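Trainee: Let the sequences and hints guide you as you build the complete structure.
Just so you know, the protein sequences line up as chains A, B and C, in that order.
Using the numbering used here, the letters of the first sequence map in sequence onto residues 1 to 299.
Using the numbering used here, the letters of the second sequence map in sequence onto residues 1 to 221.
Using the numbering used here, the letters of the third sequence map in sequence onto residues 1 to 260.
Hints were generated in silico from the structure; no laboratory data involved.
All figures in this text were calculated on a predicted structure; none of them were measured in a lab.
A portion of the hints provided could be inaccurate.
Restraint-style ranges between C-beta atoms, simulated for each label pair [as the list claims (entries may be wrong)]: (1) C/57 to A/291: 25 to 31 Å; (2) C/125 to A/210: 24 to 30 Å; (3) B/127 to C/130: 55 to 61 Å; (4) B/143 to C/173: 33 to 39 Å; (5) A/114 to B/73: 39 to 45 Å; (6) B/152 to C/120: 49 to 55 Å; (7) B/102 to A/291: 38 to 44 Å; (8) C/173 to A/116: 31 to 37 Å; (9) C/128 to A/116: 56 to 62 Å; (10) A/49 to C/234: 38 to 44 Å.
The C-beta atom is built at its ideal place from N, Cα and C for all residues, glycine as well.
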Amino acid sequence: MNLEKLMRIDRRLIFLLIALAVIFPLLFPIGLPTHLSKPVQDTFNAVDSIPPDGPPLMLSIDYDPAAMPELYPMTLAILRHCFSRNIRVLVLSLHRAGPGIGEMATTRIAKEYGKKEGEDYVYLGFKPGFGAVILRMGEDIHGAFLTDYYNRPIGEIPMMREIHNYDDIPLVICLSAAAIPELWMMYAGSRYHQTIAAGVTAVSAADYYPFLQTDQLVGLIGGLKGASEYEKLVNELEERLGVDKKRKESLSKEEYEKLQVSHSKASAGMDSQSIAHLVIIAFIVIGNVAYFAQRRRKR
Amino acid sequence: MNLSPDPWVWLAALLTLCIYSFLYKDNPFYKAAEHLFVGLSAGYFLVIYWYNAVYPDMVVPLFKQGKLLCIIPGLLGLFFFFRFIPKVGWVSRWSIAFYIGVGAGMSIPATMQMRILEQMKGTMQPFFSLETWHVFVENPSLASFGALIGIPLMIVGVMCTLSYFFFSREHKGVLGGMSRIGIIFLMIGFGASFGYTVMARISLLIGRVQFLMSDWLGVID
Amino acid sequence: MGQEWFSLDRLNVLIGVVVYTALLLYFIYQAKKGKELFVRKIAGLEAVDEAIGRATEMGKPILYIPGLSTISDVATLASLNILSKVAKKAAQYETRLIVPCTDPIVMPVCQEVVKAACLDGGRPDVYREEDIYYITYSQFGYVAAVDGIMVREKPATNFFLGMFWAESLILAETGASTGAIQIAGTDAISQLPFFITACDYTLIGEELYAASAYLSREPLSLGSLKGQDWTKLIIGGLVLTGVILSTFGLRFFANYFTTG
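Mentor: Shown next as structure tokens:
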């Protein structure tokens, strides 16, 4: 084979092959297995240890629509985990593009599980200032957020009467495509000893491993792979708790199947992920062989 | 095939295709989508900041509740606009100075705590542990071997990488050797990071393809 | 209130900040007194002059991206120092410099820096404020716009210096496809692989700060760099001590680093 030609391969051909590697497994699923990783299991366990109807999990939706393919399935899975175990949730956003996503996810899952706004969950909305907001909440959440997302004064919300600062929050999960989990560790973790877990895009996952080793993070969900693992854990939990059985009985077959698909959105993408990775590995190998062969010939 | 009847889904799908058309080459469809995105995001953020910060945290407390202290941050914010008047543009530096000062004051002790002291403590592990050695001898596997060499590898990696970022001496002799090992550790780290990013980029593509094939075209569930 | 004014639990943080600050101040003082402080050569920097010269020869602009972070980010500050040097050289060569910004506070600072650099270079007339502009706060909106600039204006040289996130590969890849010579530098560890693969020269992590000191030779930057080097030495020494003691089962030393 002409190696010169191989080195000058039209990049559009690579794009096409990657597109095909993604599309085909979505059309014809293979069902490759998902292995559970410890950081995801630890996150799941941390959420699971929160007592039902007790102090809430704080879920910070700190990402924009560009990160939705990876982080939105995580958001849905965590909310499903909480609501299926009757764990209350306090949702907020420190990212300016996050409030719409947070509301969409929270209202959708709350409706699915019949949860009441203000009692089972509260949506605080967005507040700019990152570190300043995190620090302020350590003193008084009511001072950081005067109203919730729907402009209701915080003091009038039943669930918020017992929640004042991080002493009343057993766990914070920050879902972010940027460095916002670091701010949570810096200000809420170091200053107020708040327990923190993070859900991040795969790009930044490697950055956060050192914080797992030092227990500054109790758990980490990384990228679509992490989301699919969490999804799997929640689906198994719902089966154990009988939530799935109840849902099957109360919904029509079509509705139930549709819901099942939406509950496995991240897992459905994992076949495409694996095949696309194989294609990329093949290109890396071919590219390197061609490069070194060319270099040797030049010598 | 079950095409979506929702015009917003159609709009989103067409804009997705416009942006992806850049993969072929720059074209008017990409440009139109790009300009729309830039304009839309600027407008969106203006509204978001007004309704979530300026109005509830400045306008309401100052004008409706008479909290006069809000004048100070309000003025500091307004000073930024002085840049439009060249003669008094220097006033905006006060706001910048305040912003930098507060930011540094907040983050320096927190960074020292989170990034340096805690991480130093995390690195101060026994270089050699009899316990992990026993586990490896009794049950030689990849996992037990990993546990055995993991900590020494981390310690060597930290020390050598630190030496690469030492700028006060030429990298010769012992320092040169250590920094060369350090760069190997850095490159392995970058490789892991690169792999993760490939995964992330594919995930983004999967998300868009799922949207196009499911929400728009209805060819998959 | 009953709140403590002094938290003994965080004494180690105080000691760390005081020692670090003292070292910085000491070396800045030494540098200001005129003491020669050695900084090793940084590979990527040698290419800066060559990159500016190339743009001049080709009659094409230089694109400078100061990162996507805020003004309080150290990487942004280091980038602004380098921008000053690049702008001065570009002004002397009468080469157009485009600086699109994503942060509304960084933009006026960039304008100030470039204006001062042009003045310093003896060419205040070549300063073009309209080439240093704000695009959008949206990460990918900004990337889309900068990609557009690269494809349309075809700058001969691209500088990506500062803090970057997921956009790094998109920027560097588009720049590489236009044939521009690219110099990048960031302290964002996860973004470095993309710059290393797609750019001609990359300043790795702290090299970005060192580069700003190396180029400017300002006592403040040089002194800071020296102070950081000494801090690294102390950290290395402490870690080594902690490792040796921990190996013999003595954890008391490591526990001093626990923060309250």
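Trainee: Can you let me know if the beta-carbon spacing of residue 152 of chain B and residue 120 of chain C is within 49 to 55 Å?
Mentor: 51 Å, holds
Trainee: Look at the Cβ atoms of residue 143 of chain B and residue 173 of chain C and judge whether their distance stays inside 33 to 39 Å.
Mentor: 37 Å, holds
Trainee: 38 to 44 Å was suggested as the range; check whether the CB atoms of residue 102 of chain B and residue 291 of chain A agree with it.
Mentor: Since residue 102 of chain B and residue 291 of chain A have Cβ atoms about 50 Å apart, the given range 38 to 44 Å is violated.
Trainee: Does 25 to 31 Å hold as the CB distance between residue 57 of chain C and residue 291 of chain A, or does it fail?
Mentor: With a Cβ separation near 29 Å, residue 57 of chain C and residue 291 of chain A satisfy 25 to 31 Å, so the hint holds.
Trainee: Evaluate the given range 39 to 45 Å for the C-beta pair formed by residue 114 of chain A and residue 73 of chain B.
Mentor: 42 Å, holds
Trainee: Assuming the hint says 24 to 30 Å, is it satisfied by the Cβ distance from residue 125 of chain C to residue 210 of chain A or not?
Mentor: 50 Å, violated
Trainee: Does the hinted range 31 to 37 Å hold for residue 173 of chain C and residue 116 of chain A at CB?
Mentor: Cβ of residue 173 of chain C to Cβ of residue 116 of chain A: about 48 Å, so the range 31 to 37 Å is violated.
Trainee: Should the hint that residue 127 of chain B and residue 130 of chain C are 55 to 61 Å apart at their CB atoms be regarded as holding?
Mentor: 59 Å, holds
Trainee: Given a hinted range of 56 to 62 Å, is it respected by the beta-carbon distance of residue 128 of chain C and residue 116 of chain A?
Mentor: Holds: the Cβ-Cβ distance is about 59 Å, inside 56 to 62 Å.
Trainee: Range hint 38 to 44 Å: satisfied by the CB atoms of residue 49 of chain A and residue 234 of chain C?
Mentor: Distance hint for residue 49 of chain A, residue 234 of chain C holds at roughly 39 Å.
Figure legend: structure checked against the earlier numbered hints; hints not met, in rising order: 2, 7, 8.
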